[in-house]
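In order, the protein sequence lines correspond to chains A and B.
Under the working numbering, the final residue of the first sequence carries the number 171; numbering is consecutive throughout.
Under the working numbering, the final residue of the second sequence carries the number 828; numbering is consecutive throughout.
Hints in this document: simulated from the structure, not taken from any laboratory.
Glycine included, every Cβ here is placed at the ideal spot set by N, Cα and C.
Take these hints with a grain of salt, some might be off.
[Claimed, not checked] Where chain B lies over chain A, by a calculated footprint (3+ residues, C-beta under 8 Å):
1) 125–134
2) 139–148
3) 156–167
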Amino acid sequence: MSNGHDHHDGNDDHELRVSKIRDGTVIDHVHGGQALNVLAILGIDGTNGEEVSVGMNVPSDRLARKDIVKVEGRELSQDEVDVLSLIAPDATINIVRGFDVVEKHRVERPDVVEGVLSCPNAGCITTGDEPVTSRFSVLEDGVRCSYCETIVRDEIASLIDT
Amino acid sequence: MRHDHLITSKQLSRADIETVLDYAAEIDADPSTVADRQAGTLLGLLFFEPSTRTKMSFETAMKRLGGDVVDMGSVESSSVTKGETLADTVRVIEGYADALVVRHPKQGSATMASEFVDVPLVNAGDGAGHHPTQTLLDLYTIRENAGLDDLTIGIMGDLKYGRTVHSLAYALTNFDTRQHFISPESLQLPREVVYDLHQQQDGTGIREHDALEGILPSLDVLYVTRIQRERFPDENEYQQVAGEYQIDAETLEAASDDLTVMHPLPRVDEIAPEIDESDHAAYFEQAHNGVPIRMALLDLLLSDDAGIRGDGDE
Ligand SMILES: [Zn+2]
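Given the sequences, and given the hints that come with them, work out the whole structure.
Set out below in structure tokens:
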């Protein structure tokens, strides 16, 4: 697959729902309903003028329903991509330049995520007024606060520090 | 010992533990040999919640090593009430002292504080988190009474909120131990702790029970903790549960003559006073062991030569 269509599921009908981008990143195969969490985890809320298109619950061959996020003018760093793995483990990342996909990555689980999630434990030192950045180690089946050691397995998206 | 800070018992290897315990035993046998070891050294005591005994134990240990302490004083009278962060407090006191001891109500506080300082920092309790010096003195007491290998230990009471229990359980996985956890269902070990124990010791040495009865005869050590009234919504429920996890002379009839009974203190009514005079009781000895253990630990953390043993080559 070398043409500009390979970040879609090869279905023109779907393409109409999410416009093409010239330069930037397409995050595809995000589990249905997680697109807004993907934006949150990337710290993208539109206030910096980013041009963002989101397709939600689009039919997909690989996932029954998937979300697609396209961010114009921004190429995601490997760190950002890794963090996405927590909520979008099957995501594919397409870096687009001049309407062509020039790089395609799968997300990989990082060992640690910093400053992205906030600890759900009200007794944790990171939830107070201390000048400390949250830090979670990534387990096989969840994440764990590096400070209070609380393990979160479900609903990691709800911890996203927005 | 090659740690800058002591935050959790998890960071201690078997060799680390044995280094501290062996050194504590030497100190216990003849404290005069270390009377000047830390002359001129100042230990900063930062207790953000009251704990007179733990604080006095550290203070005594430092003074018996020839050093001294500077004390932040009570939280009420300090700048903490004016909203100063822990991060700021430790950075300020680091300028006065050669090492810090921190007790703070929030979990993870010692870990965070250690990231802001260069001097050794000892966690003296971070909320429901860790209390590693308690663990070291528990291990010391267990070793003196029952040995640390081929050990069957029962740990009973409030296992959910008891940080001393969690710390001890982690440390014991370094040794050949069988650990039996006895508690009401509502106060079982947190799943996170069980997860860690299984990570550390493939889980084979870990069993959970809701009654002491069946397991008591096989125990070398019974470590009793307090079930706190405030954990229960109503008094009746508390009375029902608490009664089942109290021990008296009659309970111990089924135990081995060599059973050692421990308790981190303070106790309320978990252990009947009649047991105090028996050979089973080790809890006051346990409390006394806090000083030699903390002397050994502080000297190891504060000395370039890793203490008087001079074998800091691990
Ligand atoms: Zn936490």
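Results of checking the hints against the structure:
1. 125–134: Result for this restraint: holds, n = 4.
2. 139–148: With 3 residues in contact (Cβ-Cβ under 8 Å with chain B), the coverage given for the segment 139–148 of chain A holds.
3. 156–167: holds (count 5)
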